[in-house]
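Undergrad: Residue-level listing of the chains:
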Amino acid sequence: MGEYTMAELTSILVMQGFAGFSLFSVLLLMALGLAIIFGQMGVINMAHGEFMAVGAYTTYLLSVVSEKYFPGFMPYYFVFAIIASFFIAGFMGYLAELALIRHLYKRPLDTLLATWGLSLIMQQSFRSIFGAREVSPILPEWLMGAFHATDTIDIPLNGIFVLFLTIFVTAGVYILMFKSSWGLRVRATTQNRIMSGAVGINTKKVDRLTFALGCGIAGVAGAAFTTIASTGPTTGSLYIVDTFMVVVFGGAASLFGTIASAFTIAQAQSILEFFISGSIAKVITLLTIVIILMLRPEGLFTIKVRK
Amino acid sequence: MNFVYDRLLGGKNGAIGFAVLAVLILVILPLGLDLFRLNLVGKYLTYAFAAVSLVLLWGYGGVLSLGQGVFFGLGGYCMAMFLKLEASDPESTKIQSTPGIPDFMDWNQLTELPWFWAPFDSFGFTMLAVIVIPTIFAFIIGYSMFKRRVGGVYFAIITQAIALIMTVLIVGQQGYTGGINGITDLKTLNGWDIRDDSSKYILYFINAFMLFGVIIISRYILTSKFGRLLLAMRDKEDRVRFSGYDVASFKIFIFCISAAISALGGAMFTLQVGFMSPSFVGIVPSIEMVIFAAVGGRMSLIGAVYGTLLVNYGKSAFSESFPELWLFLMGGLFIAVVMFFPNGLAGIWEKHGKKWLGCIQKMQCVNAVKVMIVNKRASRLETVKE
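Line by line, the protein sequences give chains A and B. End of the first sequence sits at 311 in the working numbering; the numbers just go up one at a time, nothing left out. End of the second sequence sits at 445 in the working numbering; the numbers just go up one at a time, nothing left out.
Honestly, the hints are just simulated from the structure, not real lab data. Mixed in with the good hints, there may be bad ones.
[As the list claims (entries may be wrong)] Pulled from the structure, derived: some chain A residues nowhere near chain B, Cβ distances all over 10 angstroms:
| no. | residue |
| --- | --- |
| 1 | 19 |
| 2 | 95 |
| 3 | 120 |
| 4 | 125 |
| 5 | 126 |
| 6 | 132 |
| 7 | 151 |
| 8 | 164 |
| 9 | 179 |
| 10 | 192 |
| 11 | 200 |
[Stated by the list, open to error] Below 25 angstroms or equal to it, Euclidean Cα-Cα: the simulated SDA-like pairs (lysine to any residue) are:
| no. | chain 1 | residue 1 | chain 2 | residue 2 |
| --- | --- | --- | --- | --- |
| 12 | B | 259 | B | 175 |
| 13 | A | 110 | B | 293 |
| 14 | A | 110 | A | 129 |
| 15 | A | 110 | B | 278 |
| 16 | A | 110 | B | 239 |
| 17 | A | 110 | B | 296 |
| 18 | A | 286 | B | 401 |
| 19 | A | 110 | B | 181 |
| 20 | B | 410 | B | 297 |
| 21 | B | 206 | A | 305 |
| 22 | A | 286 | B | 212 |
| 23 | B | 410 | A | 171 |
| 24 | B | 206 | A | 125 |
| 25 | A | 110 | B | 377 |
| 26 | B | 374 | A | 201 |
| 27 | A | 286 | B | 394 |
| 28 | B | 206 | A | 72 |
| 29 | B | 295 | A | 291 |
| 30 | B | 374 | A | 135 |
| 31 | B | 374 | A | 125 |
| 32 | A | 110 | B | 288 |
| 33 | A | 110 | B | 169 |
| 34 | B | 206 | A | 304 |
| 35 | B | 206 | A | 107 |
| 36 | A | 110 | B | 391 |
| 37 | B | 410 | A | 72 |
| 38 | A | 286 | A | 305 |
| 39 | A | 110 | B | 401 |
| 40 | A | 208 | B | 398 |
Here a beta-carbon is modelled for each residue, glycine too, at the ideal position from N, C-alpha and C.
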């Protein structure tokens with residue numbers, strides 16, 4: 005590291021750190037959905053990455069449509085794309101729960117295989133519909149460019165936008181889970197499914213909506229993702245293992261844990277990436293998590309759940 | 060004799076199933092297929108090792124490993140390293156800037172053999188390493204996870220992460236591992252050319268007999284007291300623990316066994332296919348091995364072999380003619396097997412096949428009885444006449 009001056013090193017750290025924030029945002033948005041589903045039902049959704057891709061493709065479609073037919077709408081379409089991504093991915097999640105997941109609650113390992121099958125089907129559908137090439141939407145102008153903090157530090161605007169979006173969604177999830185009566189029902193079901201049923205909570209309905217919500221948030225992650233990178237049929241599967249690691253490392257069903265672990269993993273990876281090659285950075289990050297998980301299998305933060 | 064019949068072959072049904080499989084693999088396929096196709100079947104049969112190992116681990120042990128490809132790959136890479144060193148003797152690599160080291164190392168500006176490659180010069184060490192290294196690796200993973208009572212979904216996710224780490228590492232460290240292309244251009248095993256036609260036949264049969272050996276050993280394990288404990292642990296782990304058994308040790312043991320079996324498959328894969336690459340190590344191949352076992356029947360050792368053959372046959376048939384359809388079909392297969400046929404082909408056979416077979420047998424009985432009655436009548440008539 006001797007060839008860098010102190011000021012350069014700081015700039016690198018800030019810029020790589022900010023690149024880490026973009027990764028953090030996508031990972032956190034993905035992990036939030038996954039953590040809600042996993043915490044609630046003990047189900048691992050292997051197709052979660054594909055629900056993210058649904059959001060990304062929705063954004064792409066909207067950008068193409070608005071460019072062609074409503075050029076005046078271009079500056080605003082992105083906001084609608086986020087909302088549309090949420091609802092379309094959420095609706096697909098709702099259908100998946102209805103058709104598939106609800107039959108398999110008693111067999112978590114089988115759900116893992118079934119959702120893997122679902123992810124294969126979704127990937128091939130993307131490939132058939134949108135082609136194997138990666139696509140990216142035309143971003144509105146206010147998302148392009150960078151914010152010049154100092155001479156050596158440039159912070160891209162899209163990164164800032166995604167970060168704020170993530171904060172907004174996370175706050176929304178927090179309020180929904182911890183301040184609303186629906187969240188109370190979800191938490192009750194998580195802690196003791198049978199008792200919740202006995203006191204009149206429709207646990208099946210809670211499950212279905214939770215699953216849909218998780219997938220919807222993945223859709224938002226997809227919309228956010230399009231501002232950072234281009235989307236291909238297998239984009240979702242590239243992030244899925246990282247997302248699992250975030251959820252497991254943070255401790256299931258702990259919102260704060262998920263945030264902290266997404267932050268740690270994203271920052272570690274992106275700062276390491278600058279100094280050593282990307283693949284080794286990834287190996288070191290993942291390996292560290294696996295070793296920590298072996299020492300502390302319950303993750304960073306846990307809430308006590310009676311089994 | 061009884062020991063062999065009951066414990067190793069699995070009684071009457073097991074013995075019949077085993078015999079049918081043996082006839083299929085040893086007689087029908089070699090006679091009916093050309094060498095290219097037979098070599099392909101041989102490759103599939105190496106995956107069957109992994110599928111059988113998953114029957115032990117997942118079907119009976121209730122522990123789903125999504126990292127079986129790691130052990131398959133470790134076994135395969137150990138074998139490939141030995142073959143590669145043999146193929147890159149100083150004579151045939153003299154055009155390199157450093158003769159005597161594998162070609163990909165030379166391309167990556169390595170000037171001497173890395174230390175962990177050196178022992179693979181020895182045939183004995185390699186044969187040992189093919190089994191021992193994956194087993195030790197499985198022991199480390201298993202020990203740290205099962206002793207802390209990590210199981211179920213967590214275990215699956217962590218093994219999947221290990222599969223990812225392994226692929227990223229192999230692809231990234233091109234100079235040491237051959238990178239994404241893997242270790243290629245393997246020629247001889249201790250001077251014996253593994254590429255000509257006769258050795259392909261020989262390797263096919265060695266592979267088949269080893270697979271049968273593995274099935275018999277697995278059957279022995281499952282019919283022993285340990286096998287019963289395994290089932291008990293799968294169904295009510297706490298009760299087994301409360302009865303005073305060390306659940307973790309049993310799980311570690313079966314995980315190590317399954318790793319060794321997969322590694323054996325990997326080594327045979329390298330020998331038959333002639334190369335080893337990270338595309339047989341990662342997440343996708345690992346989870347495909349699970350589907351082989353699931354299609355065949357997660358509780359059936361022999362079913363796993365059929366499942367492997369069938370899924371791979373479907374894969375090559377479909378990806379030749381309808382590459383688009385294959386992923387839909389594969390995805391549908393995952394869902395259908397889990398939702399409608401949780402016991403796979405073996406389950407369907409148990410439920411319907413046997414009934415049909417019994418029916419056929421009964422019909423024969425009915426006929427036999429009819430013939431008997433007619434004969435008796437005839438003879439009675441004859442006595443009356445007399």
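Undergrad: Taking the numbered hints from earlier one at a time, note which ones the structure violates and give those numbers from smallest to largest.
TA: Hint check: 3, 4, 5, 6, 12, 14, 15, 16, 18, 19, 20, 23, 24, 25, 26, 27, 28, 29, 33, 35, 37 fail, others pass.
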